Structures are given as structure tokens and as C-alpha cells.
Amino acid sequence: MSSRQIPDHAAVAVETGALRSRRRHVALRVRLARASLPYLLILPVLAAIGVVLGYPLYNLVELSLQRYGLFELIRHSGTWIGFANYSAILHDQVFWHTLLRTVVFTIVNVGFTMVIGTLLALLLVRVSGPIRILLSSGLVLVWSMPAVVAVQVWYWMTNFQNGVVNYALTQLHLGDFSQHDWYGTTFSQLAMVTTLIVWGAIPFVVVTVYAGLAQVPGELVEAAEVDGARSWRIFLDVTFPILKPIFLILTSLSIIWDFGVFTQPYLLIEQSKLNASNYLMSIYLFEEGYFKSDFGRGAAISILMLLMVAAMSVFYVRRMVRMGDVT
Amino acid sequence: MTRQSGRKRRSQLVWNVVGVAVFVVMVFPVYWMISTAFKPDDEVNRLTPTWFPLHPTLAHFGDAIHRPFFWDDVKNSLIVVLVTVALSMVLAFLAAVSLAKFRFTGRKVFVVLMIGVQMLPPAGLIIPLYVVLSRYHEAPNALIGVIITYMTFVLPFSVWTLRGFLLGIPRELEEAAMVDGSSRLGAFVRILLPLVAPGLVATSVFAFITSWNEYIFANVLLTDQSKQTVTVWLSYFYGTSRYTDWGGLMAASTLTAIPVVVFFLIVQRKIAFGLTAGAVKA
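In order, the protein sequences belong to chains A and B.
Residue numbers for the first sequence follow this note's numbering, so the first one is 1 and each next one is one higher.
Residue numbers for the second sequence follow this note's numbering, so the first one is 328 and each next one is one higher.
No lab work stands behind these hints: they were computed from the structure.
All values derive from a computational prediction rather than experimental measurement.
Heads up, a few of these hints could be off.
[Said to hold, decoys possible] Below, computed lysine-lysine pairings styled on DSS-like, alpha-carbon distance capped at 27 Å: (1) Lys-554(B) x Lys-402(B); (2) Lys-244(A) x Lys-554(B); (3) Lys-292(A) x Lys-273(A); (4) Lys-292(A) x Lys-554(B).
The whole structure should be built from the sequences, with the hints applied where relevant.
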């Protein structure tokens, strides 16, 4: 604004006022655009998730309150029956046995995965350079195996006619395992599933804990060594407290994954051998809801399972959110 | 002094031996898969296994790829995976920029949603997805149903990982570009994009692996054999009526695993970093 264009004070006031308001207007628009930008950026992701999760989740609740079998599937509408599906499930012994079995299965799997994974991470620190590269590439190779492939390989290695596991155990004089059927009893079936899952889950734990071990100050460990502390004491008193956040996250992730595991038990235990005595929660839900085409009942089991997983996730999600806030 | 270093060397040797032993045990199943695939049938079905293929043959690979629907299902897998990855990366990148560069109301809710979705057990969603998709006639066999389902599970992880990569870029670089007179968008395209490219590659390979390996949804949502993916094809791999064709099965398993293993080996360092960077920092 140049001085020549100023007629009098009033005009100046009006003009600057108008200009100010226009400027404010522009500023407001810029601010609005800037404020809406983050929302516009997350909108596509929200929309995609909303379509694929939002609607089916709503549908899941609806289904669980309906009788919805093959007839209703073809007719595209169910019959409202209130909470009958839920009360039927909660009165079903199979549900409670399956829940207990799944909890024990999860604890065993997570326990083995975490302990072996941590031991291997500590081993990775001790071995010399070339061996470290060898071992870590081996672990990555295992990590990358698709679950379906791993199941097929496991089944071949443990088949009762000429499985290499049977042969090796017999050769090592651990007993006569030729013609031993690993899939004969519920315990043995689930033990096979456990070895398969733990084998596949170890690499992730090793890599993560190993990365965490790099954070442990060397001076602390050395100081403890000078003080004459034994290595397991050093681990408990020095290393473990520093790695605690990593252990918490890994453990809660493993719990959630193993509780809902499907592919390995479903494919490793042959279809004909899947029954109420060896169900895990996902399998129970799949057999009852999908295979028997009782979608309403399956939906109710899904809801119960999702609620249990949600309760287990609270801890993990809160931790991750706090981390997201810090960074 | 010498005695001590001698003891140290000996314990180092012990650890190395243990390390090699662990390597052998862990990798053995993979080795056994590949070596079985190369063995002729009489060697595979022998009661006393041979540790190496004595007369290596490619016959099983030939059988596997000439099985019905192998190429159909490879094509389906590729379509599903490539579309899933391409769409997911674009959408996830935008959301990651939003999370990494802006503070806004509702940000926390979005983060909780992203992390929460990852926790959902896939089995819990099979029934509503099946019922919803079967309401549309074509749907139970449409690849598009599988693609959008995969996207839901790939997106949260991708957003979270890309956000980590974006945070790794120094703010000053971006500001320097803006001082030079670039708009925020210009700064973003010319400075941020090249810097985050490695992260984008790593994340998309992870998305590739996740969708290539997926089994449950593909199994339930694609019922027509010519419309399935490779993992479902592999899960239905039967032998002849007399005995299981172990050699063929292992060749097929090897073929299914190859793309994933190759991609995984390329990016494993970055992935391990992306997954754990936050955990280590906290």
C-alpha cells in the first residue's frame, strides 16, 4: 500500500480493514486447507478399511443374532433369534474345552518361542563373525517360508512310513520310531503343530532381541563381569531390564498370533482327524460355522473370539500408541 | 594371560560349534524340501533316506508345473499380489505422511485403529466376509474380493512401517527445500520421495510376502480351482491314488516358496529394522 493512495483517515481505516479481512480470509482458507490435509491423506486408508472391516463387522454382529444356515444364505436373509446362538455356545462343553486347550496351547507355544528365541539371540552375540552371518541368513530363510509350504514339508518329514524324523530318532537310539504315527493322539498332533509354529516363529524373536541386545551398554556388562557376576546373573540383572519393553511387545504379539492360529493346525492335522478333541479356537469356529454352514453360530463364536483377542490386545496397543506419541 | 586367552578361544570354539548345530537343525526342513524335490522316486520312497540326491532329476518340477491349474493359479497369485501391493503402497504412503508430518485431532484414534486391525485374528472375519461376498453372484470367485481383503491386512502394517521410515528423514532437509521456495508438495516430491524410496521398496516387498503366503481367505473366498492362488493350489496337492507323490509335493513347495524367499532375502535387514526400530527406541 503506497502513501499516495491515502485520502483520509477514515478511508485508510476502511481499506485496511477490508484488506485485513481479506487477508484473514485467505489465511483462514490456507489454515483450513492445511488443517484438513492430514485428514485427506488418511481418508483413502480409512475408506478401504471401513469397507472391508466396518461392514463385515457390523454384519458379523447381525449374523450372530440370527439363524443363518445354507437356506438363509441362498435367500440372503436370516431369521432373528436374539442371543440363542450365544447361549447355545456358552452351554456347549466343546467351546469351554476348546478355550482351555487354546489357552494352554498358546502358553506353551509362546513360552517355547520366547525362550528359544532369546537363547539363540544370545548365542548370535557369542559366535564369531562368519558363523553369525551363516546362522542369521539361515534364520531369515526359515522366516520366509510360507506357512502352507512349511506344513507340507513337516508332513513329509514326519510321515509314518519313511519320515526322516522317525529315521533320525531311531538312528540316535532314542527309541524305535519306525512306523510311529505322529498324528495318532491329540497330544502328539498338537505337539507337531507346536514344533512347526515355534520353528517358524523363532527367527522373528531372534532378530528383534538381537537388535535390542545391541542397545545394552557394553560397559555395564563388562563392569558386572569384573565384579565376578555369572552370565545368567548378568542377563537377569543387566540385560533383561533393558530389553524388557522388547520382551513385552514380542510376548504380547506372540500371544495374539498363537491364540488365533489357523493355517498350521488346519492343514497339518488331516481333515479327517480334526474333531472336538483337538480343536483350537479358530478351527472350532471354522468347522462349526463354515463347514457345517451354520453361519449364525460361527458368527457368535467369532464375536466371542474377537472380544477375547481385543482384551489381550489392549496392553499391546497402548504400548504402541505411547511409542507413536513419543516419536 | 595366555591361559586365559586360551580358555577364551576354547569357549569361542564351543559357541561356534553350537551355532553351526543350531543352523543345521533350523535349516534342515528347507534343505530336506529342496533335496527331496531333486530325488528320483525310488530314492524318495526308500525306507532308509539318502542325505543327498544321488541321481538328481528335474522330473518332479516338470510334473508339478504340468499339474492342472498350476499356471492359472500362479497368474491369479501374481494379479492379486501386484494389485494389492500397488494400491496399498499409494494409500499407505499418504496416510504415513499424515502420521509422520502432522499433529491433528483424532490422530491417536487412527493409530489405535491401525494397530488394532493388525491384531484381528483372520479366522474371526471369514464368516462375515464369506456371507457378504456371496450376496453378489460373481463374488465368491472374484479376485477383487480377495484383493480388498488383503489390503485391509497389508495397509496397517505398511502405514506403520512407512511412518517409521519417514520419521527417519531429517526435518531440516525438508525445511531447506521449502526455504528454497518450493511448496510443501514440491518439497515433498523432490526431497521426501527419493529418500523414502528404500522404505517403500522394503514395505512393498513385505506386503508382497504377506499376500503371496496368505491362505485362509483365498481358500474360503475362491472356490473355483482355476480362480485360486498358489498356496491354495499347494494345499490341495494330492498324490496318486496309491501313495502320496512326495517328490512332486516337495517340488511344488519349492516353487511356491521361491519368490518369497528371494524377496525376503533382499529386504530382510530393512524389515527387521522397520519392525523393531520403535521397539528398541522406547
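Verification of the supplied hints:
no., hint, result
1, Lys-554(B) x Lys-402(B), "holds, 9 Å"
2, Lys-244(A) x Lys-554(B), "violated, 46 Å"
3, Lys-292(A) x Lys-273(A), "holds, 16 Å"
4, Lys-292(A) x Lys-554(B), "holds, 24 Å"
Figure legend: structure checked against the earlier numbered hints; the only hint not met is number 2.
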